[in-house]
Amino acid sequence: MKLILSSSPHAHAKNSVSSMMRDVIIALLPAAGCSVWFFGMRAVWLIAVCIAASVVTEAVCRIAMKRENSIGDFSAVLTGLLLALNLPPDLPLWMAVTGSVFAIAVAKQVFGGLGYNPFNPALSARAFMLISFTGAMTTWSNPAGYESVTGATSVDAVTCATPLMFIKKGDVSQLTSLKSFLLGNIGGCIGETCAIALLIGAAYLIIRKVITWHIPVSFLATMFVFALFKGGVPPILHVLSGGAILGACFMATDYVTSPITAKGKIVFGIGCGLLTMCIRSGGGYPEGVSFAILIMNAVTPLINRYTQPKPFGRK
Amino acid sequence: MSAVLIAIGVVAGVGAVAALALAIADKYLAVQEDPRIGLITAALPGANCGGCGFPGCDGYARALVAGTAANGACSAADDKCVAEIAKILGVAATATEKRVAIVHCCGTRSNAIRVGDYNGIADCAAAAAVAGGDKGCRFGCLGYGACANVCPKHAISIVDGLAKVDKRLCIGCGKCVNVCPRRVIELVPAKATVHVLCNNPLRGPDVRKVCQVGCMGCHLCEKNSGGKEAGHFTFDGFLAKVNYENYPTDGALVGKCPAKCIVEDAHFESGH
Amino acid sequence: MKTVKSSFKFHGGVHPEYHKDLARDKAIEAIPLPGTLVISMSQHLGAPAKCIVKPGDKVVKGQLIGEKGGFISANVHASACGTVKSIELKQGAAGGYANAVVLETEASDETAYMPPLDWKTATKEELLKRVEDAGICGMGGAGFPSSVKLNPPPDKHCEYLILNGAECEPYLTADFRMMLERADRVRTGVEIMRKVLNGPAVRIAVEANKPEAIAALEKAFADIEGNVEIVVLPVLYPQGSEKHQIYATVKRIVPEGGLPIEVGCVVENIGTVAAIADAVTLGKPLIERVTTVTGDGVNDPKNVLAPCGTRYEDMVAFAGGAKEDVRKVLSGGPMMGFNVADMSISTTKTTSGLTLLTEKSVFQYSSHPCINCGTCLRACPMSLNPAAISCAVESDDIAFAEKYGVMNCIECGACSFSCPAYRDVTQNCRRAKAAIRTRIAREKAATAAAAEKRS
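Those sequence lines, one after another, are chains P, X and C.
Just so you know, we're using the numbering used here here: the first sequence kicks off at 1 and counts up by one.
Just so you know, we're using the numbering used here here: the second sequence kicks off at 1 and counts up by one.
Just so you know, we're using the numbering used here here: the third sequence kicks off at 1 and counts up by one.
Hints are computed from structural coordinates only; laboratory data are not their basis.
Do not take every clue at face value.
No more than 27 Å apart at the CA atoms, straight line, and that leaves these computed lysine-lysine pairs for DSS-like [to be verified]: (1) Lys14(P) - Lys323(C); (2) Lys315(P) - Lys433(C); (3) Lys263(P) - Lys403(C); (4) Lys195(C) - Lys2(C); (5) Lys9(C) - Lys209(P); (6) Lys85(C) - Lys50(C); (7) Lys315(P) - Lys9(C); (8) Lys209(X) - Lys85(C); (9) Lys223(X) - Lys191(X); (10) Lys209(X) - Lys323(C); (11) Lys26(C) - Lys323(C); (12) Lys9(C) - Lys263(P); (13) Lys360(C) - Lys2(P); (14) Lys14(P) - Lys9(C); (15) Lys219(C) - Lys284(C); (16) Lys124(C) - Lys156(C); (17) Lys2(P) - Lys323(C); (18) Lys9(C) - Lys310(P); (19) Lys85(C) - Lys58(C); (20) Lys310(P) - Lys251(C); (21) Lys14(P) - Lys360(C); (22) Lys315(P) - Lys251(C); (23) Lys241(X) - Lys209(X); (24) Lys433(C) - Lys310(P); (25) Lys284(C) - Lys26(C); (26) Lys2(P) - Lys209(X); (27) Lys315(P) - Lys403(C); (28) Lys256(X) - Lys167(X); (29) Lys195(C) - Lys284(C); (30) Lys403(C) - Lys310(P); (31) Lys251(C) - Lys195(C).
Here are the simulated distance ranges between beta carbons [said to hold, decoys possible]: (32) Asn227(C) - Lys310(P): 30 to 38 Å; (33) Ala122(X) - Thr3(C): 48 to 56 Å; (34) Val110(P) - Gln364(C): 25 to 33 Å; (35) Asp58(X) - Lys453(C): 26 to 34 Å; (36) Gln364(C) - Thr212(P): 26 to 34 Å; (37) Arg437(C) - Pro45(X): 29 to 37 Å; (38) Arg437(C) - Trp94(P): 56 to 64 Å; (39) Pro45(X) - Ala136(P): 52 to 60 Å; (40) Tyr306(P) - Ser395(C): 18 to 26 Å.
Remember, it's a predicted structure, so these values are computed and weren't measured experimentally.
Every residue, glycine too, gets a C-beta built ideally from N, C-alpha and C.
Looking at chain P on its own, in the form it has when it is part of the complex (with noise of 0.2 Å):
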């Protein structure tokens, strides 16, 4: 038999890229479930669809590439569930396809694929979507209204305005309770709600090492400390609506378009923090964490630029 020649070392741990993207996937999960418990078999649809789409996607984009396949390492179908995650429940399912054509076609495989995309993937199609689709993206409902995955229904779906709509507007006095909060039942995006479901997400990673504490704790102190400057509304509740948790734990902590450097990951956690505050506050939109992500995507390669590790004996 012949020998194997490589160079050292000769060993390697029991990781890859396919098991943290299966870790990522897994932490997502507690949410995926609160999503479908709130929103029935609209999010049965949705992330099933967009899932699908995504790896479809992806395997059709290699093909024409002519490049090895690479939908078994997972990322394609991480983008799928995390696209589904950040978008409204009614929202009708082509534009959830065409959101997640874009998101792989467009926004990953068209740089070369994993690891050469500069912008998230999944928050450029919510970004193309928000753009293309706006009426469909902004439109909320409130869970109560929705059919159960078990078949029992209750009162037809009810538009309803986000909490973030009512920061806005500074209409606190319609906000519902801590609790709701916590829980998720909530008007909003079908991952987004439940503030529980993800941070025991964002715990496993963090306890698999698959990302550090870095961006989730500086993104949600740096809105936080900003809220309480701002005053009006209590800083928890900006912390805990809209997509900061989900944004600042599964999408800002995305490996190749955050900062390597544990320096630069804070950088970025309070640069998302601030945007996504002062567009929150001034900017157009009630929500403002997936635009804050995207510009700051924009930005590390700067970031990692600057915030180099001194080496070990360095002066």
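Place chains X and C on chain P using the hints.
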């Protein structure tokens, strides 16, 4: 209405000021360049290969005008091009001989033994640093294409684990010669047709252990080409080398090499 | 004498699977004298030794056959009695070629050792001369000549002598067995070195996964005078790296590009210390060492005491032979060992182990693009950015790699080990270092040539 006029006025005014500034800059900050530099750059092949030792064709043209480079240092320039440059410079042209790269190895995957499967960076120098390379022969072409990657004319292809040079595309810049960790590539006169495709100076039995088509230093080629006095071949250890100062032209030599490593016109035509 | 726990943790590091159980309980066994020894003139770091025998010469065990070839170099001695068959250019485990004496051995008890010295009465200079004459160099891997280490420049003072018994490389157990079985020799070596270095404090660094070795050392060093401590290091690769061990034991940081003596430390491998004891008290030069022959590819993993110059095939045959499906032969362990393809390569003073791996334990991979996850940054004990360096090298930007400190890389392999995209990060760092070294050598040659032209 007045707002429109003001806008037009402001924009036109800014444009006029900027145009004036550009006109002044063009007049006073202009760099006088020897017109011959442009002419020579245009006359050169324009491969920007750097084989002359200057940064690109433009750099070479400047050096020619400044007199720090010899006309003929460009290996890609043919006689016509050299004559034209000489005309621009107003000097006499010297005849140059076109040289092309040749890979002195014919140990394909089936001919030469590989001691293992290399798993790592697909680069010749990187592969050579792991246990001395996966090829049993320590002198032959590794076939990971470092030469093909630096070739400015895409004249080198890797075929069956071996680098092959397309003579028609090669401009003789020598980049491949320098990048090869095995030093198996040489620039030879394009007119030479008989080549020894082996680079292994070890004894016959040692060569045979790793390659079926390695030179064993039997001196038959020397004998068949008119003996030592004719001087068509030189020997390095147990390796025959064509003396490219005085290369043999007799194609009949080819079939007589017992190791089958002497070939006629080793060059290969790539698909480019 | 006391035993303390290290409380300084360096940045990074990884936890490979150790597999030390294969050979850790096997007592050191001497190999029967092989028929042929191939003794390289380049068994150490620095200039190769100058060969002073010629084919046909009869040599005696311990006789000088290679004279040190420069300031950083070491003597080479015959590892057995016999006749010099030839002197040939032979490939070493790291891939480089060096002259080697091919020796046909003959069974004989004759030795040509140096006269034994009593280290208590001998002068410092005598002891240092002996270390130099005996051709002793670091036996941990790099092979830095000990006489140079033990003779710091007059403006530098050695405050700490650190004994490296970490043996963090997976599979290998040679140093572990040395500490267990030859703790008394280690103690003698320490006392000699302490005398040569003007009485520095002594720190013996051992990883926590070797409690038997710690117990043996505690027993041997129980009544030693002066400031001696056994420092128990946490199990973390690369704990055996000189710079990291200094940090973990005495919390000093060796400056970039500097030697340990610049922070008042001398680090020496356990095996080397025992060899120094033998050179002084027995007059025996460094002609043999313990090498672990291990891995799931050998039938009977062993810790083998073998003369320097034993061919790998003889070593493996002594360890019960290789299994059918061996796919990888390593000189050293899996993290830093060299892959070899030729079993006629011979052991040197620095061969700490031979690891043979079968199909199922060989790691085969194909690389994916970097996903910027930063795992390598967190693993790198030198706090480099291996991801950026590796990508730069792949686009031939060596200057970038140099700016990002690639010359600090100790090639420990933690980055490649932990990379989820299976990228050849370490290999790229190695390429960059080689390119930079070549460039520096070329620049030096150019300046030298220019200086010659002027004069």
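Tested hints:
1. Lys14(P) - Lys323(C): Status holds; Cα separation ~26 Å.
2. Lys315(P) - Lys433(C): 21 Å, holds
3. Lys263(P) - Lys403(C): 19 Å, holds
4. Lys195(C) - Lys2(C): Satisfied, since the Cα-Cα distance of roughly 20 Å is no more than 27 Å.
5. Lys9(C) - Lys209(P): 19 Å, holds
6. Lys85(C) - Lys50(C): Holds, at roughly 17 Å.
7. Lys315(P) - Lys9(C): With a Cα-Cα distance of about 19 Å, the restraint between lysine 315(P) and lysine 9(C) holds, given a limit of 27 Å.
8. Lys209(X) - Lys85(C): 22 Å, holds
9. Lys223(X) - Lys191(X): 23 Å, holds
10. Lys209(X) - Lys323(C): 24 Å, holds
11. Lys26(C) - Lys323(C): 19 Å, holds
12. Lys9(C) - Lys263(P): 20 Å, holds
13. Lys360(C) - Lys2(P): 14 Å, holds
14. Lys14(P) - Lys9(C): 24 Å, holds
15. Lys219(C) - Lys284(C): Holds, because 26 Å separates the two Cα atoms, which is no more than 27 Å.
16. Lys124(C) - Lys156(C): The hint holds at about 17 Å.
17. Lys2(P) - Lys323(C): With a Cα-Cα distance of about 13 Å, the restraint between lysine 2(P) and lysine 323(C) holds, given a limit of 27 Å.
18. Lys9(C) - Lys310(P): Holds, because 17 Å separates the two Cα atoms, which is no more than 27 Å.
19. Lys85(C) - Lys58(C): Holds: lysine 85(C) and lysine 58(C) sit about 10 Å apart, inside 27 Å.
20. Lys310(P) - Lys251(C): 18 Å, holds
21. Lys14(P) - Lys360(C): With a Cα-Cα distance of about 14 Å, the restraint between lysine 14(P) and lysine 360(C) holds, given a limit of 27 Å.
22. Lys315(P) - Lys251(C): 16 Å, holds
23. Lys241(X) - Lys209(X): Given pair lysine 241(X), lysine 209(X) holds - Cα atoms ~21 Å apart, limit 27 Å.
24. Lys433(C) - Lys310(P): Holds - the C-alpha atoms of lysine 310(P) and lysine 433(C) are around 18 Å apart, at most 27 Å.
25. Lys284(C) - Lys26(C): 25 Å, holds
26. Lys2(P) - Lys209(X): 16 Å, holds
27. Lys315(P) - Lys403(C): 15 Å, holds
28. Lys256(X) - Lys167(X): With a Cα-Cα distance of about 25 Å, the restraint between lysine 256(X) and lysine 167(X) holds, given a limit of 27 Å.
29. Lys195(C) - Lys284(C): 19 Å, holds
30. Lys403(C) - Lys310(P): 11 Å, holds
31. Lys251(C) - Lys195(C): Cα-Cα ~24 Å, so holds.
32. Asn227(C) - Lys310(P): 30 to 38 Å: 32 Å, holds
33. Ala122(X) - Thr3(C): 48 to 56 Å: With Cβ atoms ~50 Å apart, the hint holds.
34. Val110(P) - Gln364(C): 25 to 33 Å: For valine 110(P) and glutamine 364(C) the Cβ distance comes to about 31 Å; the hint holds.
35. Asp58(X) - Lys453(C): 26 to 34 Å: For lysine 453(C) against aspartate 58(X), whose Cβ atoms are near 30 Å apart, the range 26 to 34 Å holds.
36. Gln364(C) - Thr212(P): 26 to 34 Å: Once the Cβ atoms are compared, 30 Å apart, the range 26 to 34 Å for threonine 212(P) and glutamine 364(C) holds.
37. Arg437(C) - Pro45(X): 29 to 37 Å: 35 Å, holds
38. Arg437(C) - Trp94(P): 56 to 64 Å: 60 Å, holds
39. Pro45(X) - Ala136(P): 52 to 60 Å: Distance hint for proline 45(X), alanine 136(P) holds at roughly 59 Å.
40. Tyr306(P) - Ser395(C): 18 to 26 Å: 21 Å, holds
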